[in-house]
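Start from chain V and add chains C and W with the ligands according to the hints.
Listed below, chain by chain, are the residues.
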Amino acid sequence: MTVRRTAVDIAASVAAGELTATAVLEENLAAIDAREKEVHAFNLVTADRARERAASIDADVKAGRNVGRLAGVTVALKDNMCTRGVETTCSSKILEGWKPPYDATVVRRLADAGAVVVGKTNLDEFAMGSSTENSAFGPTRNPLDTSRVPGGSSGGSAAAVAAGFSTVSFGSDTGGSIRQPAALCGLVGVKPTYGMVSRQGLIAFGSSLDQIGPFTSTVADAALLMEVIAGHDPLDSTSLPQPAPALSSVLSQGVKGMRIGRITDMPEGSSPDVLARLEAAFDALRQAGANVVDVTMPSMSYGLTAYYLVAPAEASSNLARFDGVRYGLRVDAKDLNSMYGDTRAAGFGDEVKRRIMLGTYALSAGYYDAYYGKALKVRRLIADDFAKAYQSCDVILTPTSPTVAFKFGDKTSNPLAMYLCDVFTIPTNLAGHAAMSVPFGTGESGLPVGVQVLAPALGEAPMFRVAAELERAV
Amino acid sequence: MKVARLARLHLNDSEVDRMTNQLAGMLEHFRDVDALDLSDVEPLNQPIPLSNVMRDDVEAPSLDRDEVLSSAPAAQDGRFRVPPIVGFEE
Amino acid sequence: MNAATNGAVVNLSNVVATAEQLVDGWELVVGLEVHVELATKTKLFSASANRFGDEPNTNIDPVTLGLPGALPVLNRHAVELAMRLGLALNCRVQPCTFHRKNYFYPDLPKAYQISQYDQPLNVDGWLMLPGDVRIGVERAHLEEDTGKSTHFGGAEGRIQGSDFSLIDFNRAGVPLVEIVSRPDIRTSEQAKQYVSELRAILLAVGASDAKMEEGSMRCDVNVSVHKPGTPFGTRCEIKNVNSIRSVGRAIDYEARRQIDLINSGGVVKQQTLHWDDASGRTNVLRTKEDADDYRYFLEPDLVPLVPDAAWVEQVRASLPPLPAARREALAALTGAAKESEAVAVIVERGQDAYIGEVAKVGGDASRALVYVQQAFADEPATPRVPAGDVAALSLMEKNSKITSTQAKTLLAELVANGGGDVIAMAKAKGFEAMDTGALELLVDQAIAADPDAWSKFKAGEQKAMGALVGSVMKLSKGKADGKAVTALLQAKANA
Ligand SMILES: [Mg+2]
Ligand SMILES: [Zn+2]
Chain V
1 MTVRRTAVDI
11 AASVAAGELT
21 ATAVLEENLA
31 AIDAREKEVH
41 AFNLVTADRA
51 RERAASIDAD
61 VKAGRNVGRL
71 AGVTVALKDN
81 MCTRGVETTC
91 SSKILEGWKP
101 PYDATVVRRL
111 ADAGAVVVGK
121 TNLDEFAMGS
131 STENSAFGPT
141 RNPLDTSRVP
151 GGSSGGSAAA
161 VAAGFSTVSF
171 GSDTGGSIRQ
181 PAALCGLVGV
191 KPTYGMVSRQ
201 GLIAFGSSLD
211 QIGPFTSTVA
221 DAALLMEVIA
231 GHDPLDSTSL
241 PQPAPALSSV
251 LSQGVKGMRI
261 GRITDMPEGS
271 SPDVLARLEA
281 AFDALRQAGA
291 NVVDVTMPSM
301 SYGLTAYYLV
311 APAEASSNLA
321 RFDGVRYGLR
331 VDAKDLNSMY
341 GDTRAAGFGD
351 EVKRRIMLGT
361 YALSAGYYDA
371 YYGKALKVRR
381 LIADDFAKAY
391 QSCDVILTPT
401 SPTVAFKFGD
411 KTSNPLAMYL
421 CDVFTIPTNL
431 AGHAAMSVPF
441 GTGESGLPVG
451 VQVLAPALGE
461 APMFRVAAEL
471 ERAV
Chain C
1 MKVARLARLH
11 LNDSEVDRMT
21 NQLAGMLEHF
31 RDVDALDLSD
41 VEPLNQPIPL
51 SNVMRDDVEA
61 PSLDRDEVLS
71 SAPAAQDGRF
81 RVPPIVGFEE
Chain W
1 MNAATNGAVV
11 NLSNVVATAE
21 QLVDGWELVV
31 GLEVHVELAT
41 KTKLFSASAN
51 RFGDEPNTNI
61 DPVTLGLPGA
71 LPVLNRHAVE
81 LAMRLGLALN
91 CRVQPCTFHR
101 KNYFYPDLPK
111 AYQISQYDQP
121 LNVDGWLMLP
131 GDVRIGVERA
141 HLEEDTGKST
151 HFGGAEGRIQ
161 GSDFSLIDFN
171 RAGVPLVEIV
181 SRPDIRTSEQ
191 AKQYVSELRA
201 ILLAVGASDA
211 KMEEGSMRCD
221 VNVSVHKPGT
231 PFGTRCEIKN
241 VNSIRSVGRA
251 IDYEARRQID
261 LINSGGVVKQ
271 QTLHWDDASG
281 RTNVLRTKED
291 ADDYRYFLEP
301 DLVPLVPDAA
311 WVEQVRASLP
321 PLPAARREAL
331 AALTGAAKES
341 EAVAVIVERG
351 QDAYIGEVAK
361 VGGDASRALV
371 YVQQAFADEP
381 ATPRVPAGDV
391 AALSLMEKNS
401 KITSTQAKTL
411 LAELVANGGG
421 DVIAMAKAKG
431 FEAMDTGALE
441 LLVDQAIAAD
451 PDAWSKFKAG
461 EQKAMGALVG
471 SVMKLSKGKA
481 DGKAVTALLQ
491 AKANA
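Chains V, C and W, in that order, give the protein sequences. So in my numbering, spot 426 of the first sequence is number 426, and the numbers just go up one at a time. So in my numbering, spot 68 of the second sequence is number 68, and the numbers just go up one at a time. So in my numbering, spot 436 of the third sequence is number 436, and the numbers just go up one at a time.
Quick caveat, the hints were computed from the structure, so don't treat them as lab data. Check before you lean on any hint, since a few could be wrong.
[Said to hold, decoys possible] As a list, the in silico DSS-like pairs of lysine-lysine whose alpha-carbon atoms are at most 30 Å apart: (1) C:Lys2 / W:Lys148; (2) V:Lys93 / W:Lys148; (3) V:Lys99 / W:Lys227; (4) W:Lys429 / W:Lys360; (5) W:Lys458 / W:Lys483; (6) V:Lys407 / C:Lys2; (7) W:Lys483 / W:Lys463; (8) W:Lys227 / W:Lys192; (9) W:Lys101 / W:Lys148; (10) W:Lys408 / W:Lys463; (11) V:Lys93 / C:Lys2; (12) V:Lys334 / W:Lys239; (13) W:Lys483 / V:Lys334; (14) W:Lys101 / V:Lys93; (15) C:Lys2 / W:Lys477; (16) W:Lys429 / W:Lys477; (17) V:Lys99 / W:Lys148; (18) W:Lys239 / C:Lys2; (19) W:Lys401 / W:Lys474; (20) W:Lys101 / V:Lys377; (21) V:Lys99 / W:Lys41; (22) C:Lys2 / V:Lys411; (23) W:Lys492 / W:Lys474.
Okay, chain V solo, but in the shape it has when bound:
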């Protein structure tokens, strides 16, 4: 494998004419040739399009035209982001072969910045899962140990960067789907503040929770990508009315005097190797001049319940449009209702069906108050807990995942066990806050451990300062 280059380096070198976009791309395509069969990071590799795109960037550089902040940076896109004319499936049979007639806002911004898309990555069907085992097209393997999962649901995007198939990649995070695979694959992964990055063109799972974010090898790359994709989009009503925050410039500021929260009543169940790395992270920040302060999050453990009612409820409605009428799969039947039922039964996998049923139930007459309504109230408690905690600290540190990457099949038989993977990541989505996972050494079997940096809404700048400090300390 070639030395992994960073997006910051590539963009600077390509723009300066010291490196061609084509050369960068060919390195990735060679890596894909060598290992994709084994890893299965992609649903689709768009090599031809990528070569054309790289060549046109190289031509622009030669002609002295402006090539954008990501010139020649190769990206892989989770296959739930709409790409005009390029198959977008959500790893579901129900959308197999569908070519959207439009681009997601993030996809357009990446193209405008000179990025080169190498393909669409595998995911748990409709982003429902934590291991990428729920893909209708087969699981993705963790490139660091192919007997293990890469995490999920954005497992394909994490694996693509970890295997050197692309410089960076993008995932979506509804309850931890960027941060957990980032941790399990040794990458930086960012879940931005809700509304920071446009959801237009992101195929919805839980609309009030979903955010797109980057996977990168370095904190600086993540900062650069955020600066490109964030900022107001008039096509998304929940998009925050402000420009992308400046993050690259804060990375060298250090953490002197910053207050780092440690949750004293954290949910249990994390493995000792993970907890040891978390302690090491607190030590490192303390040594860099930060103060570690105790905070409490009494409602944190109820986050799982709130999340597994809110997200499926929204999903049950979001996924109702897959009805065999306008696009995607149709199973022919004698009448409309049979067509609906047969199409959806054949098109959706087990986990998706389970969540549609759960969500439908939580919203149905007579049960709304007991389930969905209650979940929204718990959501408020969690947001209130955070608000209180952030009165005494700037960011909070937790593990990203309770364990390092686990083996295939370990949790597939028990949905609840799988859901527990997200106990630390879910509260952020419920509150709409920012969070990121930073690799911080290794644990069991030499596998990477991620530390999660939590920040309040719009707290990206302090969050990136702390992440950069942790990166320096490893």
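Below, chains C and W with the ligands alone, put in the same frame as chain V:
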């Protein structure tokens, strides 16, 4: 199973059994929140409070009909075709 | 959406029918849900065109089609038009939210309709019918329209027994306001008046073109019957009532059906019915038991709409005078009754301001009312004929320079040519009214020719006058003014 009917999912008997069991298990687990006093808690629907997000009434070009219909499971005369509608109102 | 009128058994209204309004001793209770398409350029949540009659599926975009990943963004102009309507209906405009109403149907692209549920934009208004009958308006909320299904095979265009259906999404996402009345209507006549007044208001404030024949205004009618002083009966909802006349027919039919059913020992079941205009009867669509569970929840892709006081007041200030006030003004100006056909028609056409113009330049308002009602049906609100021309015409007739028949002829010519010099036109047609001297001569001639009639007329037999006037008209070749002739005959008889 009413939920499957509402969600338009045709499940076979064994699927219904399995799903019913799993859902019952999850709902049981979700009763952990019964320990909380939520009587005075306002529900939180959207994490970031915004209001009055509107667009101007300006027309943009339509999508190309042929491109859209080419990805439809069945189309005819510029429209989407569906099987006979039975048991619905008109 | 009809949370408050669902299965009403409690008397929600203090409106009581008069004895004449009862049907065989039964009181009718009617509420209306009227959907109107707003006159925007684009859809409620996206930028493709809101245009009737285009080729199928040519006004579509990712939001309209419910493509994966598409997100709604609210149309400000639609909100403003809905506010205009709400304020014209005396509603309170309030902070509001959007919900998803979940159900599967092929013309509903996302499998949910974005509508307003427990917090609608406009609430607690009213509308006044002739005779100062006040009908409450519970709410007027924003929602999106569905696409259009057309059924093929089987019986002509009917869903039952069809082989397949074709879907056009041009109409999907068109902004609608659903106006829900309180159950304050007691007769089919009032229901028709309500729809017609609502339509007049919609046109006046420019919220909708309100064309029932094109479906831009659609009525659902809730009907129940009960004995006065007892709780409301079980209601039935009638769908697909697509003209004002049908509103009346459907109510009369349904009330009769319910009364007959109860009288024969039956019980009215809460049902959704379909009005079949051809056969003049209602058919059952579904009964309440199998009603869908819509699983309403707050639309997470949209944010609350909070119209601030300044915006509401700005919209209120921009409202034009409303039909009721305009009818009153026109009646006062022209001397006609405010509930007369002419006044209603002209206000509906928006031509009342034009009559004001005619009066302002010295014309005769009461004649102008007749002219405009008769000859300006195909003219716009501001007719092409200059107000001065109509004023001149009205004065010529009023001052007996021409006869009313001649005035009619000249009016038709004015409309055909978009105006003209009426004095010159009258001259060219030889319409110059005869002077009194010449007329007297003809009157004497007529008396001489028919002395029998003359003596009868003098004896007070009015019928004889007709014959005399007729022969004067004949002698004058129609140029004589009938009124002037009568006046002359009268004067001679009294002399
Ligand atoms: Mg209704
Ligand atoms: Zn409606």
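Against the structure, the hints come out as follows:
no.	hint	in the structure
1	C:Lys2 / W:Lys148	holds, 28 Å
2	V:Lys93 / W:Lys148	holds, 28 Å
3	V:Lys99 / W:Lys227	violated, 62 Å
4	W:Lys429 / W:Lys360	holds, 28 Å
5	W:Lys458 / W:Lys483	holds, 18 Å
6	V:Lys407 / C:Lys2	violated, 37 Å
7	W:Lys483 / W:Lys463	holds, 16 Å
8	W:Lys227 / W:Lys192	holds, 23 Å
9	W:Lys101 / W:Lys148	holds, 18 Å
10	W:Lys408 / W:Lys463	holds, 27 Å
11	V:Lys93 / C:Lys2	holds, 25 Å
12	V:Lys334 / W:Lys239	holds, 27 Å
13	W:Lys483 / V:Lys334	violated, 77 Å
14	W:Lys101 / V:Lys93	holds, 27 Å
15	C:Lys2 / W:Lys477	violated, 85 Å
16	W:Lys429 / W:Lys477	holds, 13 Å
17	V:Lys99 / W:Lys148	holds, 25 Å
18	W:Lys239 / C:Lys2	holds, 27 Å
19	W:Lys401 / W:Lys474	holds, 18 Å
20	W:Lys101 / V:Lys377	holds, 22 Å
21	V:Lys99 / W:Lys41	holds, 29 Å
22	C:Lys2 / V:Lys411	holds, 29 Å
23	W:Lys492 / W:Lys474	holds, 20 Å
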